[in-house]
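Q: One letter stands for each residue in the lines below.
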Amino acid sequence: AQSVAQPEDQVNVAEGNPLTVKCTYSVSGNPYLFWYVQYPNRGLQFLLKYITGDNLVKGSYGFEAEFNKSQTSFHLKKPSALVSDSALYFCAVRDLTGGGNKLTFGTGTQLKVEL
Amino acid sequence: DSGVTQTPKHLITATGQRVTLRCSPRSGDLSVYWYQQSLDQGLQFLIQYYNGEERAKGNILERFSAQQFPDLHSELNLSSLELGDSALYFCASSVSWSSGNTIYFGEGSWLTVV
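In the order they appear, the protein sequences are chains S and C.
Per the working numbering, the first sequence starts with residue 44, numbered consecutively.
Per the working numbering, the second sequence starts with residue -11, numbered consecutively.
With the rest of the complex left out, here is chain C (with noise of 0.2 Å):
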């Protein structure tokens, strides 16, 4: 267990509906990152927040939106939902901001859109 809570483990929705992932990140972590996983795009990264700021932005698309609340857990959420949004998302943590840091990896969230 790594620590890294996320929530719902699965989710199933329809086209053109707005889903919201939550993740908790692993106790004092102030980074958080959300990655999504396809089978025809890998791994991507979309977004990291530090300590409730936006740091970095990916590949993500404009239907969708993040944020880091001031008790660190985050959400991301995922609007005018598309047939290709079906992946799996994972949220991240790590400590701080030093590049040594380990970046620990929720169990992630199923998306499909049907």
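Next comes chain S alone, as it looks inside the complex (with noise of 0.2 Å):
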């Protein structure tokens, strides 16, 4: 089966200062791989994907995720954190089996930016 993890359940990091939540993924053939973001009270806002080509994928709001297929890791990124980034974050999987096409979700990383 398809799978993501997300290794650290909160993320603290100061504005400012660049920020980075990880995700690895187990997956038979090729990886499609996203980030989505969930801030309180709200839906699942999607933020970027990898499909193939650029290694380096730039999505929305200023953050950016590095897929290393040798680490088989697809952390999610950006330079400078915002307090209003401050939200849920879920890595998630393309996933084929048993039929559909679904996403599988991680256990989500809760980030904290602070002044």
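Just so you know, the hints here were simulated from the structure itself, not pulled from any lab data.
All residues carry an ideal CB built from backbone N, CA and C; glycine is no exception.
Heads up, a few of these hints could be off.
[To be verified] If you only want the chain C side, here are some residues facing chain S, beta carbon under 10 Å, derived:
#: 1; residue: -6
#: 2; residue: 30
#: 3; residue: 32
#: 4; residue: 38
#: 5; residue: 52
#: 6; residue: 57
#: 7; residue: 78
#: 8; residue: 88
[What the hints assert, rightly or not] In silico DSS-like cross-links for lysine-lysine, where the CA-CA straight-line distance does not exceed 30 Å:
#: 9; chain 1: S; residue 1: 155; chain 2: C; residue 2: 45
#: 10; chain 1: S; residue 1: 112; chain 2: C; residue 2: -3
#: 11; chain 1: S; residue 1: 65; chain 2: C; residue 2: 45
Both chains come to you apart, so use the hints to assemble them.
A: Okay, structure coming up:
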């Protein structure tokens, strides 16, 4: 089965500092990887995806992610964190097992950006 | 705004009751997904429909059922509700079958079973 792991339940970073939210994947075949963000009492918002091509993917709100095949990782990054980036971040992988083409999500990482 | 519309936004009901959650996908999207988000289970895939046909089933209880109508809107029916069914239920949609398509999520329907 396809899966992703987010090893950190929470990440704390000071505003203005770079941030990284980690994600590793386990898939058979080519991985299709996604990042979503969930603000309090809101739905999941799509940030970016990796399908093929350039290993550095740029997304919404200044976020980017680096696909690393040798380390089976897809870490989310931002050069300078904002307090407004504080939210719950989910990594996901496209999962074709059992039919369909659903997303299988990680457990989420709570990002807290402090002044 | 993702373009995926879910109603109702909040719902409180008693154990043993039945509720229906409604979803309108983004314009032009043929595939609809339902997910459940709870504190202990995280984000769980329930079911997927594509152009009216069921395509995949996940951890969906037998008390739950769904369908996608000819106009592509979808409904998730939850019956014989239990306290543990309290959760945030998401609908999502994508254009087609392609694995590269982005899946867009609605704001969710908060269900509280008391």
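Q: Look at each hint and say if it fits the structure.
A: Status of the hints after comparison with the structure:
{"no.": "1", "hint": "-6", "result": "8 Å, holds"}
{"no.": "2", "hint": "30", "result": "5 Å, holds"}
{"no.": "3", "hint": "32", "result": "9 Å, holds"}
{"no.": "4", "hint": "38", "result": "8 Å, holds"}
{"no.": "5", "hint": "52", "result": "16 Å, violated"}
{"no.": "6", "hint": "57", "result": "19 Å, violated"}
{"no.": "7", "hint": "78", "result": "6 Å, holds"}
{"no.": "8", "hint": "88", "result": "4 Å, holds"}
{"no.": "9", "hint": "S:155 x C:45", "result": "35 Å, violated"}
{"no.": "10", "hint": "S:112 x C:-3", "result": "40 Å, violated"}
{"no.": "11", "hint": "S:65 x C:45", "result": "29 Å, holds"}
Of the numbered hints listed earlier, those contradicted by the structure are 5, 6, 9, 10.
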